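Undergrad: Protein chains in written order, with the working numbering: chain A, 1 to 382; chain B, 1001 to 1254; chain C, 2001 to 2468; chain D, 3001 to 3544.
Hints in this document: simulated from the structure, not taken from any laboratory.
Incorrect hints may appear among the rest.
Here chain A is said to cover these stretches of chain C; the calculated rule only asks that three of the stretch's residues, wherever they fall, bring their Cβ under 8 Å from a Cβ of chain A [stated by the list, open to error]:
hint, segment
1, 2094 to 2107
2, 2211 to 2223
3, 2320 to 2333
4, 2338 to 2351
5, 2381 to 2387
6, 2432 to 2446
None of these values were measured; they are calculated from a predicted model.
Cβ coordinates follow ideal geometry from the N, Cα and C atoms, glycine included.
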Amino acid sequence: MSESPVHGSGGPGRSPTAAVLGVALVVVSVVGVLNQAVGESSALHVPTYVVTLLGKYACYALLAVALDLVWGYLGILSLGHGAFFALGGYAMGMHLMREIGPRGVYGHPVLPDFMVFLDWKTLPWYWHGFDSFAFALVMVVLVPAALAFVFGWLAFRSRVTGVYLSIMTQALTYALMLAFFRNEMGFGGNNGLTDFKDVLGLDLQSDATRVGLFVCSTMALAAGYLLARGIVRSRLGRVVTAIRDGEGRVRSLGYRPERYKLFVFTVSAAMAGVAGALYVPQVGIINPGEFAPLSSIELVVWVAVGGRGTLHGAALGAVLVNYAKTWLTGTYPEVWLFALGAMFVVVTLVLPRGIVGLAATTRAAWARRVTGASRAPGEVVP
Amino acid sequence: MSLVGPEVHTPTLLYLDGVSVSFDGFKAIDGLSLVVDETELRCVIGPNGAGKTTMMDIITGRTRPDTGRVEYADGVDLTRCDESEIANLGIGRKFQKPTVFEHHTVDDNLELALAGRRSVAASLRFALGPEDRDRIDELLATVNLRGLRHRLAGTLSHGQKQWLEIGMLLAQRPRLLLVDEPVAGMTAQETERTAELLVGLATDHAVVVVEHDMEFVRSIARKVTVLHQGRVLAEGPMSVIQDDPLVNAVYLGE
Amino acid sequence: MLQSTNGRARTARAPGSDDSRGKHPTMKRTLARARSMPVIRNALRHAAAIALVTGAGVAGANAQETIKVGVLHSLSGTMAISETTLKDTVLMLVEEQNKRGGLLGKKLEAVVVDPASNWPLFAEKARELLEARKVAVVFGCWTSVSRKSVLPVFEELNGLLFYPVQYEGEESSKNVFYTGAAPNQQAIPAVDYLMSEEGGAVKRWVLAGTDYVYPRTTNKILENYLAAKGVAEADIMINYTPFGHSDWQTIVAEIKKFGSEGKKTAVVSTINGDANVPFYKELGNQGIAAQDIPVVAFSVGEEELSGIDTGPLVGHLAAWNYFMSVDSQENASFIEAWHAFIKDEKRVSNDPMEAHYIGFNMWVKAVEKAGTTDVDAVRSAMYGVSVPNLTGGIATMFTNHHLSKPVLIGEIQADGQFDVVWETPGTVIGDAWTDYLPESSQILADWMPPVSCGNFNVKTAQCSGQNY
Amino acid sequence: MNHIIRHRHRRWLVRGLLGCVLALVGPILGATETRADFEAALAGLDARDFADKLRAIAEVARSGDPRSETVLAAMLDGRLAVTRAGGRLVVLPAEHGDAVDVRSGAPVPGLGARQTSRVRINNRLRGVLRDAIASLRLASPDRVVRLDAARALVGGVDASSLGTLRDALEAEGDAEVRGVLEVALAMAEARSDDVDTRLAAVRAMAGSLRPEVRGLLREMGDEERESDPRVRSAARDALDAIEAEVALYGHLSSLYFGVSLGSVLLLAAVGLAITFGVMGVINMAHGEMVMLGAYTTYVVQTLLPDALEISLLVALPLAFLVAGLVGVLMERGIIRHLYGRPLETLLATFGVSLVLQQTVRTVFSPLNRSVSTPQWMSGALEINPVLAFTYNRLYIIAFSIMVLLALVVLLRRTRFGLEMRAVTQNRAMASAMGIRTSRVDAMTFGLGCGIAGLAGVALSQLTNVGPNMGQAYIVDSFMVVVFGGVGNLLGTFVGAMTLGIVSKLLEPATGTVLAKILVLVSIIVFIQRRPRGLFALSGRAAEA
């Protein structure tokens, strides 16, 4: 397990809240202004296409931060975090579907289109309530958190750990994927939920809404980052990293590691759910593909590339890998899977602390070199 | 059973009665009975596989005995408690291999071990108070690590880790200390200091030491329990044990 | 790689060039600005924006201007198996068109992207093609979900998509032309054939499919259709399996049992892709021969058969609008060109390839007719465009954005080809909204005035669910 | 249709014999008009309309001409063709050799696919041809041919051929063939107007498991179809008895399906039991090793197109080597650096799996590859009409158990197995004793991967050979290993069989998807109860 600058007596960054929020606000306003206010003729104009992409990256970054919380700090490699993301997305998607109301292609007052043509007569009970935005928001957090709580309660209590736990989380997301693929479930089967029209009365296709969603995603990322940071810098964070390094020892100190794990796992799942909820209106679709084990593993590599155990590393990794994906799938389509595969191997073999770790090492080496230069030739460097 | 009049001198803190446990048919502990008083320094010796570590595991709740009773203080049945409950009852354990949190500083290691509320919510709000700081300073002095308090525990030497672990043990304010091979890998000087520390602790704690190093045992032991094949082979003062032919045959003579 | 040859910097689009777009307010604004700005600043702006998202490899400062044709097919992931061929088909069509001198005096240039079988990525890539790469038209998608995913993007940015795969219908978007079969161009004629004396006078039906929207809808339609033909509910067995299902023992045994109750039984299979191989192997091994219980498949074509040992499958059926074995002049030259392009004499051709062939030629014709690649102009020009299909007939685009197609029933042969055993006397016009679902039968698609709507409800006279 | 394929070689032999017999008998019968009828009917075989072809087939069959069987069989096989020049009807060779003119029986050399056009048939004609050929073959001296012919006739007999059938029954000496013929006859007589004949027919049909019989009995038990109450009740009783028996065999079938699914899971998982169970390495590229094995089979079949029957036997060792070698390379190149960090191994091997998939996609194209099934693995071992064991799955069950046993022997009885166990239990000690632990690691990992390669050969006979095939098995295989208990081959066996059988027993009631979800969820819950699986090691070793 790589070393992590987790906490901090003496660590840098005394008042991060203002700083992080500041950075987020600056990013948001710069991008927003460059998109909306600066004319397209300007060299500085940011097209809406880029804004949407950045909004999507922000959601991914939030998801990566959530995963890093459990992987980097708690030592649980969850191969099922995509499931929490997708559940949050579905909760939001259900609201967006309900918001369409009678404006579906069949003009049915209540039922979403996919239910109409598959001959459903009434709305399933679990779709009720989602017409309210507030209810949907609660569900966005509650559903993934509840699943994480139940799964975690069972798993941590019986001390399923390590690779077993990873495989179980993978089985969990796989089972959910199969379940959501079933059309009988009433979530639109393979097609999922799509053809959204507006959110809170705002047209999803308008540029202003897109910028708004981007702003929300960035702020959610900032808030998620601060929350995660708050957790890892509290005593709870120290207990949690101690659990990662020696669960038995923590238990013998009188802590109940399973409760700590459960807390962090649940919080992380809720964060993933929020990320999913913000993601869905921006990409315009949510379907069971998000539950695919592959998506969850891909997410792990974002965190690994950025540097696990550092929250900003995770966020950075998410943005970088997805940028690489955008670029490669557009420019060298045949290479993408090779690149992704190579990324897995390289990161685990030579960059166990990711880019952030590499940067730190390089900085340290550079510093040594600078000081070393003043040393007398032939002097032995310890 | 050699009950040493619990009501008479100091009251009994720990009481094992007819405890057995087996793994895959192998009897690791076989009808073990043991009594530890409230202030006492007890050494447990025995050859490899005698069941010393398993005994510790049973006391701390890591392993559940198949049969037998394990009672603590005011009649608490330890077999019904889980590990963290047992720890919170005041039973501290130092493992055979030093297990400190290598990615935490020495300070943080001690802070994590400080007695106090262990709930998730409490730890989320926790802030170090002045008393806690004093206590940590005091502990650092006790285990002689004051100058290293900001070092990551992983960078300490083996002996320093052992001490840190003992410090963490003390931070829990335990009534019973279970110490597994405390001087393994220590220099002679370190060993000597450790012996002093343990003897000092035994004045107001119960201390159970499992050790291989007979020299060390001789230097601290008041009362020794010899385990063999999961049961008590002999028990008594070191001088008596040394001359016991049975003990010599299975252990000391080697 | 094709698009990487486009070089580093940005094409400077001349003011008032062909691809000025139409009515969408945002686009209009965009264009107004675009026309009034100096070329260099335009290039700079794009270079900055594009470099930010897509790296350096977009759009070339070609001396000669090109018309860009987007190709949106998965080249990796689970769908690569089907979609890679279609990418190659479009590349071939583009190459051939350029050999004929291009279009409107310009060369065509294919822009290939890889949505990697990932549905949200389809939407992202569609946006990239339309907004960053400025393609005039996109040929792409295979699965319904990928089409659903890109649909809002095409509607928002007023793009043009040609969708080449047979699908469940229940859709007609202003921005999509559906060149594959609608259910009435595949499923219903196939069932009609099996009910005929010639097809074995089938009385009992197994509807087996992969659990997703196309089989679900098709089977719902067939259920209603069969009920209308007097088939009792007890004589229909419906079964759904997950994607890539590989253990068919139980289901095949059930089919065998269902088929052994004295009435002639057939299986209508909407089983998707990978699940077919183990399904047919199990059929063969459990001794279900085509003359006992024929299977008619809607998703098994020449390309799928090339991955199956077809010996035991001889006699099972498929319904398509094209078979490679069809004897026609157009088909022969198409196959010849395909083999030359792909440099492999063994490669087969299939129905979705023909759909792209038709769609591409229609688009070319419409662009020539309109004299521009402007989406609205091309769309208007598309209606009524007729081009030869590969089976010796004519395909015409109708105002519901669907084609007229012949329906062919073929029997699988040992060499992996199909023998046509039946075909519709003429062509069938694709029906966006089926008549065999109660809600859908009230809806009509017609993109010409006065209706000008893809989902016009004839009862309420409302045009519901439009996003424009 | 499969038994037809299976018996093709036998049929050739028989046809030769039959030809001799008929050639002797023909002149004695001396019916020149049959020859005229035959030749007249031949022309109709190539009619444009399928209905005309149908009539022609009936005429050819009725003509009694010795050549009719050959012609009809060739037509069924799709080998009857018309020369483009001259319109002569010829029988194309099955593999090599010359085409044969139907009328003259003379070979016509130099006819290829371009010079002829095949006589097209459809399913309806196939059915009619099969019945016609069957009735022609009832006189065959080979009881197997007669049995097949009789079976083909069940349910297809009409009043016109009753007489032929009775004659055949009279002449038949073999009990089994007689039994089938009696049922065929009874089915025809069940349509008689005479109540007693119908009753007798019902009695004759009782106990027959043939599906056609059940259909007929169901009709005869129906008030609307059958007027006589005695016949109705007899039919219903007979049907109930048969249905009960069918249900019993149905359960047996389900069990067989379960065992068969279990054997597939076992094959996929047993290699994992080595890499994961023994070495503690999470090999996410395990599925891709299976894929490599399957592609090896494909390559072998492509390189040796004439040796289909032995291709699998050739492929087995090669697949083991290919996958094993890739495994050794992986171990040396990557995994070696990650021992003790199982989660990192998981990620790195996942990366390898992506690379392998895309490599295969680049080399072999993303399309599935066609792997043929040898004759000896096609078809089914038919116990009775409702219970048949498919050969491919029988072989795979046997193969999976053989692999498991071989592995047990390897681990328990060989030097390598001893070293392997030593390294697993105490690396430092083993190393001190002079065991080259790094070599043992590489070999062990190679062994696990090699076995996955073997699984690939087997799976190529059941499912797709394509770049995605490995993905389909990876989650399931991990479930098997974790469920059975890591590091325990017996556990893997019991785990695989349990999962297979439970899935298959659930499936008829819940459907496939739900069955799979239920199984997954129960494993998740089970692991919470027994974190170390079914056959867990307990005590200190397990906690290490």
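Undergrad: Does each hint fit the structure? Answer for all of them.
TA: To see whether the hints hold, each was checked on the structure:
no.: 1; hint: 2094 to 2107; in the structure: violated (count 0)
no.: 2; hint: 2211 to 2223; in the structure: holds (count 6)
no.: 3; hint: 2320 to 2333; in the structure: violated (count 0)
no.: 4; hint: 2338 to 2351; in the structure: violated (count 0)
no.: 5; hint: 2381 to 2387; in the structure: violated (count 0)
no.: 6; hint: 2432 to 2446; in the structure: holds (count 5)
In terms of the numbered hints stated before, the structure departs from hints 1, 3, 4 and 5, listed from lowest to highest.
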